[in-house]
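Asker: Chain by chain, the residues:
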Amino acid sequence: MAAIPLSPQAAQRQRIGRFGVQLFIASETMFFAALFFAWYYLGVTADAAWPPAGVQRPSFAPAAVNTVLTLMSAVTMWIAARSIRRDNQRGLVFWMSASAALALLFMAVQTIEFRELALIAQDTSYGSLFLFLLFFHAARVFVGVALMVIVLIRSILGQFSAQRHLLVDAAEMYWNFIVIVWLAVFTVLYLF
Amino acid sequence: MLPPATPDAQLIKNLYDVVLIFAVVTFVLVEALLLVTAVRFRRKSTADSPVQTHGNNLAELGWTIVPAIVVAAVFFMSIDTAGQLAGHGSSTAPVARVHALGDKVAAQRIEDAAKVDLVIEVTGRQWFWQYSYKTDGALMTDSNDAKPLVLPAGKTIRLDLTAADVIHAWWVPQLGPMLYVNPGERTAIFIENAQPGDYIGQCNFYCGLQHAYMLNNVKVVPEAEFEAWYRGAVAASGAVATK
Amino acid sequence: MASISIPVSSQDKAKNGLLGWLATVDHKKVGLMYMVMAFVFFVASGILALVIRTQLAAPGMTLVDPNTYNQVFTMHGTGMIFLFTIPMLVGGFGNYFLPIMIGARDVAFPRLNAFSFWITLGAGLVMSIAFTVGDRSAAAWTAYVPLSNSTYSPQSGMDIWLLGLILSGIGSTLGAVNFLVTVVTMRAPGMTAWRIPMFVWAMVTTAVMVLLATPVLTAALVMLVADRNFSTQFFTTSNARLWQHMFWFYSHPAVYIMVLPAMGVISEILPVFSRKPLFGLKAVVVSTALIGVLGFTTWVHHMFVSGVSPTIERFFIFTTMVIAVPTGVKIFNWIFTMWGGSLNLKTPLLMCIGFLSTFVVGGITGVIQAAGPVNSYLHNSYWVVAHFHYVLFGGSVFGIFAGLYYWMPKMIGRMLDDKLGKLHFYTMFIGFNLTFFPMHLLGLEGMPRRIATYSADRGWAGGNLAASIGAFLIAFSVLLFIINFIKSVRAKQEVPADPWEGNTLEWMIPSPPPEYNFATIPTVQSDRPALDARNSSQPAGQH
Ligand code: HEA
Ligand code: HEA
Ligand code: CUA
Ligand SMILES: [Cu+2]
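Protein chains in written order, with my numbering: chain F, 23 to 214; chain A, 413 to 655; chain B, 34 to 576.
No wet-lab data here; the hints were simulated from the structure.
For every residue, glycine included, the Cβ atom is placed at its ideal position computed from N, Cα and C.
Incorrect hints may have been included.
Taking lysine-lysine pairs in the DSS-like style, the calculated list, with each CA pair at most 25 angstroms apart, reads [to be verified]:
| hint | chain 1 | residue 1 | chain 2 | residue 2 |
| --- | --- | --- | --- | --- |
| 1 | B | Lys452 | B | Lys525 |
| 2 | A | Lys456 | B | Lys525 |
| 3 | A | Lys456 | B | Lys452 |
| 4 | A | Lys456 | B | Lys379 |
| 5 | B | Lys452 | B | Lys379 |
Listed next, the stretches of chain F that the computed footprint assigns to chain B, with coverage defined by at least 3 CB atoms under 8 angstroms from CB atoms of chain B [said to hold, decoys possible]:
| hint | region |
| --- | --- |
| 6 | 34-45 |
| 7 | 79-92 |
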């Protein structure tokens, strides 16, 4: 692998881009932190039980399936990004496709879940927040998938190399963030 | 501040008066320093070249510590007064929430209803107040528009506050602290040992169109006069005796 | 070295046409567009303030009905904060000067930067249209539920207002990302941490606050929109306090978002006009950062009488008062920057002195009203209105005008007239104090805020009349500024690169700067590079 070193300007662009994505993720984190704060606040100060009496927690199974899918996608994403760092274009295409497939599967499962949830959202704060956390997470998954598709197209066109793969890094970082949010959502909404 | 008419209002005013002294002294010192600097160091010639001081750690430490001491003093005075107000039974904490948040002192105070001579349920509505007297003699509701709430002097009175629509606020500055009147929640405020007189109160949380006209005036009268008024009011409203 | 020379001829005339402005991604043009937009909203929101002041000039006035009055003060507050102060300081001054001061040719993401501007402008237009064609929001700038929900504010103006705030939030969040990346990755060689200008430090702190606080407001706004339109149940009556927490978690940091950049501006001007370095630069940087951090811990001081528990109240009294300490450090360091200096009492410096003298009043009244029991008297009274105009007008607006007088020659290549500037300063200073000082007394006399009128027997007529006269004096002073600006733009004059003997990099490049800012990226040797350059280009002994 004969690595052609990047010009200082190009290396700088990559640093800038990565840092920008990280900061964007920081602000996204605060958005979810706000929703979790609302969840916690309403839970603690609710005069009645939380979840309120008569409200069924949505079934555990789809969420558990999605947790497995999410964790798998984190692994495939990691391999995809590692491939291009080693200048393995085919690896990138393959593992990125795998990640996108897992993400799409996730969304399919989520859609089923939404059908159930739409009903409780309008009855209680509990249901509303439950739905919102899932919905805004799902919206991020959508963005994540879009990013993966763009990366895929560009990797098929051979636009990435061991030195030039800012977008791959961006997709990886953002996806990791989505995975972590899901784990938090799963823990808070389904486990406790 | 308007002249206080209860010990609680007096406590608030005392605190304000002391804090104001600190504030005025700080204000005068800082502004004087600024003025002296601005006048004394005017540019005399375009060739002025002042000594290039980059800082002074000792001085900077000084103006960190001195304000810190002042602020600490103000803080401790504030929580001391807050504690005293609590001791008097006045509370800015809502009954329901107090339990949820586990504030034992406040909860105890409100439970300790034995001291309370009179409980009145106050409901804030867009844009008037409604008062229900709960004594062991009778329950009487006095729906009010611009009519003052009548209270006996020298007693301990608890107002149980709630709102029927949006947030309002109970504020009779001369009788003690202000408190929001929240829908879906019951908060309590105490009026203790009020002096007779007419006191202006005004809804102090923006509650929509007629917020400016939502008065909660209070008329404090000697006990005998209150009893007479109360009997008359009960008779007039045809309220039912609840014993 | 990363210093690439660009031929001067690459400056393109066509780029100054209308299309050139609309399509620009140059941080300076974007900055100027922010400023123009913000100033327009300053005048518009100011005119609404004049409506308020006319209505309250005497008891029982009927210039507007209560409904209109409520809409007017709602839009006055919203406009001044979200469409004037923040876009002016962060979008305007930040965009124009942050890249130049660190020796960069642009921000990190120029196109994203232009996008932030257009989205902010969109927010402004959305709100203005909703305001001018009716059905307006009237729930105050704090939009507390339940008043702002679909039962009590059924009008579509409320939804549009929420949408506008969401948009402006997105705009400023993206802007914050841009600034932070720019400062961290694009500084000129030699610009180490302690050589970064104070204004840039202030913007960095501000950007961090914007980045972390705004999403919380966005979440709350989105939740309220959903409640209003999709019957979700976030802010039901028994959850009303949740809105208050989320709103103030953003809006308290927001007050520092509005004042820290202004403090950054005066931290640049004071040294230049005193011919001394900033006194205790490190202490000022650390205090600024501390204010940024502590700013996230005080929000409940807006809710002391809303029925929070006494324990929580005590905690937040403490955190609120603590902020007086780092703020005090900055105030004294500024005064001692002037102490022993050679003060060039031109308009920019006067505006800074105006900032210092009035901000201190606002800060001290803030500490007074933070004292729990005192707050239970002063909350929501005109005392609070006095407090926040002393910090917002006395702080941010004086800071903004200081910056405009200081940097106008750099930005448009024209000096503002100093005589007219001084007249502007003195009328504004007097008008300001005449308007807002009496409000303290009105508050003590029991006048609540947000009332459309009051009756004569309350004894508030005198103070209100004074305030109203003062407001028109302020308006007159702003008019003087506008005249001054127009005169300067028309005047035929050449401004040298460095009319003030500045310290920072922007004074080493032409006025106005070329699109690429620096023909060669300078190498920075100290915290006052422009002074270094002046000294080395002059024979020893002079100056
Ligand atoms: C630029 C904006 C700005 C700034 C900087 C501040 C700064 C401060 N504010 Fe203010 N505030 C607002 C804007 C601002 N505020 C607004 C808009 C509202 C109303 C919102 C609404 O309801 O609509 C508000 C409301 C508000 C309240 C709620 C009032 C109420 O509704 O009941 C409180 C209460 O604690 C408060 C406190 C403070 C304090 C302690 C500071 C401190 O940071 C001040 C620190 C500064 C100093 C103290 C001066 C300098 C220091 C020295 C010279 C050292 C020596 C001093 C001492 C020893 C005291 N503010
Ligand atoms: C940066 C913020 C900022 C600024 C600069 C101002 C500036 C002014 N504000 Fe206000 N204000 C707020 C932020 C600000 N305000 C907020 C957040 C609220 C709370 C809202 C709420 O309760 O929800 C508020 C509320 C508020 C109230 C309380 C309303 C109420 O509670 O009922 C009042 C009352 O007097 C007031 C007055 C003024 C005045 C007279 C000015 C003046 O200084 C304005 C001066 C500017 C101009 C006048 C414009 C320029 C003039 C010209 C170009 C001249 C030409 C035009 C003519 C002569 C017509 N403001
Ligand atoms: Cu009721 Cu204001
Ligand atoms: Cu605050």
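Asker: CA of Lys456(A) to CA of Lys379(B), is that 25 angstroms or under?
Answerer: holds (13 angstroms)
Asker: Apply the coverage criterion to the region 79-92 of chain F and chain B: a residue qualifies when its Cβ sits closer than 8 angstroms to a Cβ of the chain, and three qualifying residues are needed.
Answerer: violated (count 0)
Asker: Holds or violated: are the alpha carbons of Lys452(B) and Lys379(B) at most 25 angstroms from each other?
Answerer: Distance of about 9 angstroms is within 25 angstroms: holds.
Asker: Does the alpha-carbon distance linking Lys456(A) and Lys452(B) stay inside the 25 angstroms limit?
Answerer: holds (19 angstroms)
Asker: Three or more residues of the region 34-45 of chain F near chain B by CB distance under 8 angstroms?
Answerer: Per the Cβ count (6), the hint holds.
Asker: Regarding the pair Lys452(B) and Lys525(B), is the alpha-carbon distance no greater than 25 angstroms?
Answerer: Holds: Lys452(B) and Lys525(B) sit about 18 angstroms apart, inside 25 angstroms.
Asker: Within 25 angstroms, alpha carbon to alpha carbon, are Lys456(A) and Lys525(B)?
Answerer: violated (30 angstroms)
In summary, the structure is inconsistent with hints 2 and 7 from the numbered list given earlier, while agreeing with the others.
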